[in-house]
Amino acid sequence: MNVFPQRNQSFDKWRYLVLFILVGTIFGFYILRLFDIQILRGADFNAQAEENRTRIINEPAVRGTIYDRNGVILAQNVPSYNVVVIPGYLPEDEGDTQRIFRELSEIIDIPVSQGATDEESVRNFTPCYNDLGISEIVFIAGTNWPYDETALKCNVSKDVAMYVMENREEWPGIDVEISSVRQYPTGELTSEIIGFLGPIPAILEDYYVDLGFVANRDKVGYAGVEQSLNDTLAGTNGIREVEVNVAGEIIRNLSEPVDPIPGNDIYLTIDARLQAIAREALISEIDYWNNFGGRIISNSGVVAAMNPKTGEVLALVSYPNYENNRMERIIPGYYYEQLSNDPQDPLLNKGVTGEYPPGSVYKLTSALGVLNEGVVTPEYEINDPGSIFVIQRFYENDPGVPRQFVCWDQNGHGMVNYRWAIALSCNIYWHKVAGGYQDEVPNGGLGPWLMSEYAQALGYGSPTGIELPAESDGLVPNPTWKRINLGENWATGDTYSAAIGQGYVLSTPLQVLNSISTIANGGKLMDLTIVDSVVSANGTILQQMVPSVRWDITEEPLIETYDGNNPTGELKTVEPWVLQLANEGMRLVVTEGTASRYEIERHAELFRNDSSQSAGKTGTAEYCDDVAQSQGRCEFGKWPSHAWYVGYAPWTDAEIAVVAFVYNGTEGATLSAPVVRRVIDAYFELKAIDTAETP
Amino acid sequence: MKSSRNVWQNFDFVLFGAVLILSILGIALVRSSIAGNIELVDHPQRQTTFLLISLAVLFVVAAVDYRYWITLIQPMYIVTMVFLLFVFTAEARFGSARWLEVGTILIQPAELAKIVLILTLANFFANHESKSLDLNTILRSALIVGGLVIWIFLQPNLSTTIVLLVIWAALLWIVGMKIRFILIAVGIVILVLLIGAATGFAFLADYQKDRITNFLFPDPDARYGETYNVDQALITIGTGGWFGQGYNQSTQVQLRFLKVRHTDFIFSVLAADFGFVGTLVVILLLVVVILRCMRISQNASDTFGSLIAYGFGFLIFFQSMVNIGVNINVLPVTGLTLPFVSYGGSSLLSLMLGIGMVESVAMRSSNSKNE
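So the protein sequences, as listed, match chains V and S.
Using the working numbering, the letters of the first sequence map in sequence onto residues 120 to 814.
Using the working numbering, the letters of the second sequence map in sequence onto residues 199 to 569.
Just chain S, same shape as in the assembly (with noise of 0.2 Å):
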């Protein structure tokens, strides 16, 4: 065993200070968006305690090796699960919320599923190892995933459903899955996609088929809702120019053109009040996190942790991939948060708390300076 110390000057501070700009910056950018709105007025402040309550977890996290969570999985993935069948029955009951109110803080339980199952597929994987990944394996993982997933997707849930669908795939594709069967796969999805497409999309609610809708075909003439939404994010992002109109500045923004503009629609805030400068910065911020990630994966000293660092790597991809895609409208509009910046607790706690993973398995590499 490594000495604390030495732990420590392992710890990976380019991803952290990447990560921290990025939640400070977010933080001013909910302030930005309050523009007036009563009801967003302590949003900054309660942002604020958010980020310092998860980088506390964060480095308790990152000083923990992440070796001892293996004995937690299961319990975990049990928990999850029934929180999950929880949400799902009391959502038929009340009909409403996908958010479990535990004690006074809110957990989302479709963010606690991400953790859970990239930790879940990492183990499995990392127990399975093997160059040519069998059938069978995949199969079993597949079940792994199914017995999460499920219940997300009758909430329903249709981004969250992606996401970790994505992540399974994403770590198949990295343990090793064999061209034939991406492409049998691929297969699969088409399949259930023409199904889908011939059943008239029974499986997705409305709003969902709206969304989808929208982005294919827009209504011109749309003053409110979804095609309004993407409508006003682009001409805010458009306000933007080269250096933006200046923090607080944008009018498409405090006079609340900008809908959900704390959330989903962050990203346009940033690039009214920053401009393409701006934009082009976070982006690569962004970058580097997740490049630091997959470095980390790649030097990790055990196949669990560099599939953990993989995972979340991966995951902060495609959320940040999605989210910026809809706000210049190239993808349908979802619901998923810019990684670190978009407000709320829950989101940056789970993602925190994924960062202070992959610090463990950085601090943990077998190839760090240290050796």
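Excised from the complex, chain V in its bound form (with noise of 0.2 Å):
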């Protein structure tokens, strides 16, 4: 009764045989497979598993906040508020998120939708620098990193940065983001010594992130005390290793974190209002002399202030310079484009970097070596007649041909001795005991080896050792020198030059300073400082500033003799009564000297007034660079000048010194000492002042 088709004939077995070799063939194949996966290289993927669950999150350290001598703060960290999303935590309602987007749209000023996006538009994606409404950003940054924050407007005011977080429970996946800004309270007043901040430059990321650093977030020092005490200011970041799921989302800590240590605090040396008084008399006086002379004479200058007994600088203004907090969130591209190309170089610190003929200034040094080494007695006379000429010799009997050197005043000074050759910045005196013009010298002056023995002795040619970066050597030529550098053999106007600061000598505004500091000083070089104390963020001062006597000239052995041109070594001191005899030759500068010619009436008062009992020394010191070139001046009697004077008070005991410095100011007498004396001057009256407030 069976209805159903029986089976008439079976299937060919090797058929089945077939299917069955194919069936053993492919999962033989995927066995074997998978014991390369799970058994040959089960490390390998275990650790590409293990990357996928472990992230490492650097916390950055809070930057050190730098403060002048009396607490006023010159740069701190300022919080910027960023209104963030974070769109795992959206609520999952659409209409929920959308009515999210359009009151923040009202807070935030963006609209909830800028239409489409476009691949471009994603891959250029860069939070807070975007044109993207907010459902067009909260799309890019779910897609890429729902769980973490993604800002949506950056640095908006503290008024909605509140109220965004008071709506945070009606706005979930909406919140402020808390990020530090670099700020400079004083600006420009004090840019040149502070400096400002930058992204970690490519050539230096593998050094930053060797330090624990992060690229494109954490800032390192582009100039000034933010780029030389960098390390000191940063601090350590911090390290957590945390396990996230494929979204993002944090599951727990991995390891023990590493807080973040923050950086420590810097007192500079200083003080913001001799540095305010400073800059405004340097401004006030190029001004005036611009305005009076109908022209631009100069636009740029330096001047710095410091304590001759610690080597402390009080106040160091380089100008032009620029305004850093310009750049405290980026650098514009276009600013610093335009510090880059002006010819007066506002992003340097001149007085730091800048390398000038030192001019006049300079004739103390050998002022020091012809009395030390008894070439003349500082009774000595010594005529100027107001022009001489020199027979320029390259080598021994060379015929030589003549070379004119002249006097600032043309008439000339008459019969001159060593206070009076200062005070009256005597060019032809100065140029007689240094190349011992015709027999009237005797021992034939004091010659180009012990010129530069004593120059270096006061700190020229080497750097002041302030914390400061690219500071400059300066240059203390010597024959040596000349014949390895320039290939020529020292002449007989190489002396004479040398002598009054002129030919191949440069230096920068701090040396200038330094050298006659020292003098004020009895003799001690102090290394130059700038930062006072370094304190811990919990208060500990970690570093308290303690002078530093490089070296006391009169008391070490450094002025290397010489018998002809080779050295003895024999090496001597320099005798007090000589730096004695160079201080009140500077005293009589001010008293009776180039520094007391009032031929403005407005200097007259400002000079009279001796309250301070100040010395200096003028300088005005020919040059040719670049710009004279240009304008053809770089000839004989025709050649610009800059403007030097450096003053110190009182003179019997100097606590105060001041270089003032103006790039092609003419005269040292007019531009540069007007200047000094009202820094010394704003000094006594601030000591007055804080005497008063501290009894």
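For the record, the hints were derived by calculation from the structure and aren't laboratory data.
Errors might be hidden in some of the hints.
[To be verified] Some chain S residues well away from chain V (every beta-carbon gap over 10 Å; in silico): (1) N204; (2) V280; (3) G385; (4) L389; (5) M492.
[Unchecked claim] Going by beta-carbon spacing under 8 Å, a handful of chain V positions derived as facing chain S: (6) D131; (7) T144; (8) L153; (9) I156; (10) D163; (11) Q167; (12) R188; (13) V295.
[Unchecked claim] Which stretches of chain S does chain V cover? Using the computed rule of at least three CB atoms under 8 Å from a CB of chain V, they are: (14) 333 to 341; (15) 464 to 477; (16) 541 to 552.
Idealized CB from N, CA, C, for every residue including glycine.
From the two separate chains plus the hints, produce the assembled complex.
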């Protein structure tokens, strides 16, 4: 009764067999492949799985604050409020999300939607710097890092930030991120000292990443103290190793987190009040002369003030400089370009980096030498006819050609002795004592070797040690230097030029200041410093400035003696009475010398009121640089000149020394001296105020 | 007729046992796959319910003589075609799913199509049996296949299309298709592929092209999408080692780096949790299932039963091969599930229905123990 079709044949056995072989082969291959993946390459894949789930979170350290010597804040961190979204925490209901976007849109002034996004705008997405709507930013963030904070709007006002924070309950997924921005309350006043921050440069990325910094987030100093003391200020970033899921949500700490160590605070030796007065004095003096001359005589200069006893720098103005607050978030390209292309180099601190001929201020190096070496006695008088001709010889039997040297006063000063030579800055006197003009000076003058020895003893030719980046060495020439660098023998005229700080001599304004300060300080050359103390975040003083004497020229034998061109290996000190006479000479500069001349009525009051008992030295340094060359002024008699003046007070026991340098300032006595005098007077006024306040 | 008691004595407990172990392991792995995803939380329970229903279906189907189905084959074929047509046109109207909602449970017409095609072809070849399968018969079987496949192909659902065509080919092979015809068929396939290449595979949907491109030329930097999924599956499998990281212990799974882990990539979950030994056991269980089906096919009392057992055995083999192949990155991503193990009520139900029929064949085989 079977109605179903019965089997009438069976299928080929070999056809089944082929199938079995197929099953065996394929699954056999799969098992081999699994063995390869799981056993042979297991370690490799385990490492990839570890990498998937672990994330290192680098928590930024707070950068230290920079104060002046009185606790005035020069650089600080201020909170910056960003409204952020965490797409993973937005409500699931699309309507709720849209309501949040609409309400938020009104507060932060970003449209809910800016239309569709294309791949380009997604790829180029940068938080804070885009013109997308809220929906687009949330879309991009939600696709890529749903559990990370993404900024919707950066740097909102505190009011907006507070409002958003109050509404956190109703706006899940929206929050306020507080980041820190570097701000400089004194701005332009101290930017040449403080500097500014910028992103970690690509070339130094490895170095900073090794130190725990994060490229594209952490910033490093680009100039000033921010750069030179970056390591002290930056602190150490914290590290957390966490487990994350595929959405980036943090599950737990994988190891004990290392908290960030905040950077140290720095108190500078700078007095912001004195800095302000110095800057104002320099700018107003330059402006006055530019107006008076009816043309731009100068638009750049340096003023620096220090304590000769300690080496503390109290003020350091390099004009023009820049507004470092404009760099607080990013370095604006156009602004940076403008600064870089400015011929006045506003980005450089010219007090530290600028190298200029020091002019007559440099005469004090020879002034120590001629007495100490016994070339002349203080009373020995030398005739200044206003102009002399020197036979310029390059080697001993060179017949030579005559070269003219002139005094700044073409009438000549007549017979002058040592002190008057300083007071009147008599060029011919210093030419003759240095070069030994026609046997007028016994022993053939001081000569180039000893001149360079005395200059180096006063700190010329080597850095002052100030904690600022890019300090220049300056240049103290001698015959060996000239042969190596110019391939030429030292000529007779070179000695005459170097005697008055011209020719090859170069120095930074701080070197000039420190050389005179050394004389004022009885021969102790101080290491310059700008850091008063370093204080950790919890208030511990880590480092306190102690005055550092580099050397005392009256005690340490520094002066190499020479027999002709050959050093004898014998070293000597500088006699204290020599320093005393040089000091007296510089006092005479103020009372009766070059700085006592008052061609302009407004200076009369300034100088005659000698309350501070100052001494000083003027300098008018002829120069020839690119600018002068292009104006065709690099010819005898037409050379432009920088204005120098270094002053200190009180001259018997100096506690303040100030240098002023005005680029192309024409004459030290008229342009720079008034600036120095105003700073010195201001110093004593401030001292009086401070003393009154702290009985 | 044998007595009912005798019939049950021929029930293949090895086949049933293997299937049951795979299904229970599947539920456990689906549970491991939840990994804190709220949407997946109720899946193990649902899969358990599906399994219970499927087992009931299995026994009912096994109890019924498979030959009774012959009368139902034609109506079932027509109903399935209507279903597929409806889905195809619904797709055009609503632009989405291959799912057809009937009452509260979802039936995937593609799963139905697999069963119906095996039954229809088994019946067809049983009636046109001859040692030398002639061209006429092959072409007529092609019409039967085409009536269902065309709608699935047009959906477009390439993976099911391939499954159906491969079932057809496998059946043609076993009923004795001559080597000559096979060579011709291979020639046609190559020709179709060449034409396809010339027209830029215009008949493939974009996502299908992407899958093939991703397989052939993976983008090493991909963070999301198919390549990412396959890479993560490989990593997940690799973390397994000999014995696995332990049940629910795989970071790759629990932190959700592995995607579509309850269906397409459940084999990777297995590999991560239970290691090389675990994968070996599952592959061996699947081989047991396949070989038992083939044994039943060889021992069946008639051609129809033999072809049913062969058809379902081959279906399980092919799906397993493709799914595991995707997991270990030797085949492009297809979306085929791992039989019995992957989550999915429709798939489990249709497979259990198939096993039920195979058991039905086994119970009524000619050279069973009692004869």
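Outcome of the hint check:
no., hint, verdict
1, N204, "holds (16 Å)"
2, V280, "holds (28 Å)"
3, G385, "holds (20 Å)"
4, L389, "holds (24 Å)"
5, M492, "violated (6 Å)"
6, D131, "holds (6 Å)"
7, T144, "violated (11 Å)"
8, L153, "holds (5 Å)"
9, I156, "holds (5 Å)"
10, D163, "holds (7 Å)"
11, Q167, "holds (5 Å)"
12, R188, "violated (54 Å)"
13, V295, "violated (28 Å)"
14, 333 to 341, "violated (count 0)"
15, 464 to 477, "holds (count 4)"
16, 541 to 552, "violated (count 0)"
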